[in-house]
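Visitor: Here are the chains, one letter per residue:
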Amino acid sequence: MTKASDSINKLVKKSFGKKNIKTLAFIIISLVGFVLIWWIAATLYNIDYFPTPDKVYTAFINSFTHNDPTLGNTMWGNIFASLKRFATGFLLAFVAAVPVGLLMGSSKILDGLLKPIIELFRPIPPIAWVPIFLIALGFFWGPVFIIFIGVFFPLMSAVYFGVKSVDPVLLDAARTQGAGRFSIFSKVVLPSTVPHIMTGIRIGLGIGWMCIVAAEMIGAIGGGVGYYLTVQQLVGNYPALYAGIVVIALLGLATTSLSGYIEKWLAARMGFR
Amino acid sequence: MILSIKDLHKTFPKEDGEMVAIDEFNLDVEEGEFVCILGPSGCGKTTLLRMIAGLESPTSGELLLNGTQISKPGSDRGMVFQEFALFPWRSVRKNIEFGLEIKKIAPDERRVISQKFIDLVGLNGFENYHPNQLSGGMKQRVGIARALANNPMILLMDEPFGALDAQTRNLMQKELLRIWKETGKTVIFITHSVDEAVYLADRIIVLTTRPSRIKEVFEIRSERPRDRASVEFANLRKEILLKLEQEVVSTPKAVNGA
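Quick mapping for you: the protein sequence lines, in order, are chains A and B.
Each residue of the first sequence is one higher than the one before, starting from 753 at the first, in this note's numbering.
Each residue of the second sequence is one higher than the one before, starting from 178 at the first, in this note's numbering.
Hints are computed from structural coordinates only; laboratory data are not their basis.
Each residue gets a CB set at the ideal place from its N, CA and C atoms; glycine is no exception.
Among the hints, a few may not be true.
Claimed, not checked - List time: in silico PhoX-like cross-link candidates among lysine-lysine, alpha-carbon distance up to 25 Å: (1) A/939 to B/280; (2) B/249 to B/183; (3) A/860 to A/939; (4) B/293 to B/358; (5) B/415 to B/392; (6) B/293 to B/281; (7) B/392 to B/183; (8) B/420 to B/392; (9) B/191 to A/916; (10) B/191 to A/860; (11) A/939 to B/281; (12) A/771 to A/1016; (13) B/420 to B/183; (14) B/280 to B/293; (15) B/293 to A/939; (16) B/271 to B/281; (17) A/939 to B/271; (18) B/293 to B/271; (19) A/939 to B/249; (20) A/1016 to A/770; (21) A/860 to A/916; (22) B/249 to A/860; (23) B/249 to A/916; (24) A/1016 to A/916; (25) B/293 to B/351; (26) A/916 to A/939; (27) A/939 to A/1016; (28) B/249 to B/280; (29) B/249 to B/281; (30) A/1016 to B/271.
Unchecked claim - Taking CB as the label site, the calculated pair distances span: (31) B/189 to A/851: 34 to 44 Å; (32) B/178 to A/938: 36 to 46 Å; (33) A/932 to B/302: 27 to 37 Å; (34) A/778 to B/340: 34 to 44 Å; (35) B/189 to A/867: 24 to 34 Å; (36) B/285 to A/867: 39 to 49 Å; (37) B/426 to A/1012: 49 to 59 Å; (38) B/188 to A/867: 25 to 35 Å; (39) B/296 to A/835: 51 to 61 Å; (40) A/933 to B/186: 24 to 34 Å.
My request is simple: use the sequences and hints to build the entire structure.
Guide: Right, here's the structure in full:
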């Protein structure tokens, strides 16, 4: 537009850039410090199940480039197997949790009827279902439903809370504009809950990821990152075991930060922030 | 007569019995009139407006809009809120078109109508902005346009400029008078600012503290735009302030402290 607004823009970018560099510096210092302490501790302890970072790094690279002798596939195969279970379980949970949350938030009767059941099941750790699910549902659908349980409750609660926290002034505004129950639901309640749904997704992704690894460690056929860990423990390949943990950390970080990014983007795009 | 209120009475349940918000309230509003309802804070002025809007129902008494009993909210009464109450996920244009969508008006026609009101409130060039990108004054322009887009019989304004800074507030008062003249709408405007009421109204209804009754009615015949620095303006403001002060002083402490 004008020169003044241009220079303001530049100033904003500059200070924003500076802040980013600072954040990045902290991240680097923190991680380098962590690896150094790990290295020193592992060297001092000098025990086979506590390898130094360089050994883990080599095992990490190897796991992607070479087939694992026991499992017969590379890490890519395990990641793919885990992600397939994860995505299936997550989508099923999403499809179930969003409508249930919306209905419970909107109807006092449904809220009253479903709440006792939900409050009964919610405190059960998803992992507690592993033994029965593996027998009843098998090695693919078993872990899938563990994820379902892990994701369903936080997501449903977030949606429910979203419906309950719709700004009452917006409801009044819609009513004075002639909106009936259905229009209010579709044009006010539903869009209002979008940020809450996104928060629920982010929390659900984190919990779901923990569930899949745990479920696979207890039993999985056809690979999986969790299964990889169990196998490496059995054969005593400790650097590879740590490499598997690093893979889990990186994938978990990627999924939650991606969803965090989408959450922010969508909120800004929809005009909430 | 566009609005007729007869023997209106409203009580709210309380832990120990009930609280009378409005009592023995009678008011007739002529078409095209600009009525300000002025009262100490905590009196039932917002409740009164919400009843006209149909958002609350009276305990007893009659509310007639153009001869028909008001029973629920409807687009024949446009409401402007102090908190703006814009839909954050909708653009300026989409906010203004909300009521038209409810009425299932075709998109082309919606656009023509919304453009007319965008022009009227001076928001040209901001059609695709979202509320969070607008200043308070601009937000309320959207609020006014959204209320008018339904072509209501009456415009209900609940302290619409209460959240704005002093300069913006004065500008918006001027703008509102221009819009009022151009549209010829009947306006019922709630405020606790004497200055605002004297600047805007044809008639000022001063309410008592709870339970709200009409304390006094002032008719203002002087030409608009009114000069805030004039002796006439100052005298009227002083007179009304005096009436309001009596109300605040005469309120029992226990109630006032609530």
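Visitor: Please go over all the hints and tell whether each is borne out by the structure.
Guide: To see whether the hints hold, each was checked on the structure:
1. Restraint check for residue 939 of chain A and residue 280 of chain B: the C-alpha separation of about 13 Å stays at or below 25 Å, so the hint holds.
2. Of the supplied pair hints, the one linking residue 249 of chain B and residue 183 of chain B holds, its CA atoms being roughly 17 Å apart against a limit of 25 Å.
3. Using a Cα cut-off of 25 Å, the hinted pair residue 860 of chain A and residue 939 of chain A holds, with the two alpha carbons roughly 20 Å apart.
4. With a C-alpha separation of about 15 Å, the suggested pairing of residue 293 of chain B with residue 358 of chain B holds against the 25 Å cut-off.
5. With a C-alpha separation of about 16 Å, the suggested pairing of residue 415 of chain B with residue 392 of chain B holds against the 25 Å cut-off.
6. Taking the CA atoms of residue 293 of chain B and residue 281 of chain B, the gap is about 18 Å. The hint holds against a cut of 25 Å.
7. With a C-alpha separation of about 16 Å, the suggested pair residue 392 of chain B and residue 183 of chain B falls inside the 25 Å cut-off, and the hint holds.
8. Between residue 420 of chain B and residue 392 of chain B the alpha-carbon distance is near 8 Å, which keeps this suggested pair within the 25 Å criterion.
9. In summary, the hint linking residue 191 of chain B to residue 916 of chain A is supported, as the alpha carbons are separated by about 24 Å, within the 25 Å threshold.
10. Of the supplied pair hints, the one linking residue 191 of chain B and residue 860 of chain A holds, its CA atoms being roughly 23 Å apart against a limit of 25 Å.
11. Taken as a hint, the residue 939 of chain A and residue 281 of chain B pair is honoured in the structure, with Cα atoms around 13 Å apart against an allowance of 25 Å.
12. With a CA separation close to 18 Å, the supplied pair residue 771 of chain A and residue 1016 of chain A stays within the 25 Å bound.
13. A C-alpha spacing of about 24 Å is found between residue 420 of chain B and residue 183 of chain B, which places the hinted pair at or below 25 Å, so the restraint holds.
14. Restraint check: the Cα-Cα separation between residue 280 of chain B and residue 293 of chain B comes to about 18 Å, which is no more than 25 Å; the hinted pair holds.
15. At roughly 23 Å between alpha-carbon atoms, residue 293 of chain B and residue 939 of chain A fall within 25 Å of each other, so this suggested pair holds.
16. Simply put, residue 271 of chain B and residue 281 of chain B have alpha-carbon atoms about 14 Å apart, close enough for the 25 Å limit, and the pair holds.
17. Using a Cα cut-off of 25 Å, the hinted pair residue 939 of chain A and residue 271 of chain B holds, with the two alpha carbons roughly 11 Å apart.
18. Distance restraint check for residue 293 of chain B and residue 271 of chain B: the Cα-Cα separation of roughly 13 Å lies within the 25 Å cut-off, and the hinted pair is therefore satisfied.
19. Pair hint residue 939 of chain A plus residue 249 of chain B holds up; C-alpha atoms about 19 Å apart against a cutoff of 25 Å.
20. Taking the CA atoms of residue 1016 of chain A and residue 770 of chain A, the gap is about 21 Å. The hint holds against a cut of 25 Å.
21. A hinted pair counts as satisfied when its Cα atoms are at most 25 Å apart, and residue 860 of chain A with residue 916 of chain A qualifies at roughly 11 Å.
22. Pair hint residue 249 of chain B plus residue 860 of chain A holds up; C-alpha atoms about 22 Å apart against a cutoff of 25 Å.
23. Between residue 249 of chain B and residue 916 of chain A, the direct Cα distance comes to roughly 23 Å. Compliance with the 25 Å bound is thereby established for this hinted pair.
24. Between residue 1016 of chain A and residue 916 of chain A the CA atoms are separated by roughly 22 Å; this keeps the pair inside 25 Å, and the hint holds.
25. Distance hint between residue 293 of chain B and residue 351 of chain B is fulfilled; the C-alpha atoms sit about 19 Å from each other, no more than 25 Å.
26. At roughly 15 Å between alpha-carbon atoms, residue 916 of chain A and residue 939 of chain A fall within 25 Å of each other, so this suggested pair holds.
27. As the CA atoms of residue 939 of chain A and residue 1016 of chain A are separated by approximately 21 Å, the hinted pair is consistent with the 25 Å bound.
28. Between residue 249 of chain B and residue 280 of chain B the CA atoms are separated by roughly 16 Å; this keeps the pair inside 25 Å, and the hint holds.
29. Straight-line distance between C-alpha atoms of residue 249 of chain B and residue 281 of chain B comes to about 20 Å, which keeps the hinted pair within the 25 Å bound.
30. For the hint linking residue 1016 of chain A to residue 271 of chain B, the alpha-carbon distance of about 22 Å falls within 25 Å, and the restraint holds.
31. Under the hint 34 to 44 Å, the C-beta atoms of residue 189 of chain B and residue 851 of chain A, about 36 Å apart, fit the expected range.
32. For the pair residue 178 of chain B and residue 938 of chain A, the beta carbons lie near 38 Å from each other, so the given range of 36 to 46 Å is met.
33. In this structure, residue 932 of chain A and residue 302 of chain B meet the distance hint of 27 to 37 Å, their C-beta atoms being roughly 34 Å apart.
34. Taking the beta carbon of each, residue 778 of chain A and residue 340 of chain B are about 39 Å apart, inside 34 to 44 Å as hinted.
35. Separation of residue 189 of chain B from residue 867 of chain A is about 29 Å and conforms to the stated range, judged on CB atoms against 24 to 34 Å.
36. In this structure the hint that residue 285 of chain B and residue 867 of chain A lie 39 to 49 Å apart at CB holds, the actual value being about 47 Å.
37. Taken as a hint, the range 49 to 59 Å holds for the pair residue 426 of chain B and residue 1012 of chain A, whose Cβ atoms sit roughly 56 Å apart.
38. For the pair residue 188 of chain B and residue 867 of chain A, the beta carbons lie near 33 Å from each other, so the given range of 25 to 35 Å is met.
39. For the pair residue 296 of chain B and residue 835 of chain A, the supplied restraint of 51 to 61 Å holds, since their beta-carbon distance comes to about 53 Å.
40. The hinted window of 24 to 34 Å between residue 933 of chain A and residue 186 of chain B holds, with their beta carbons roughly 29 Å apart.
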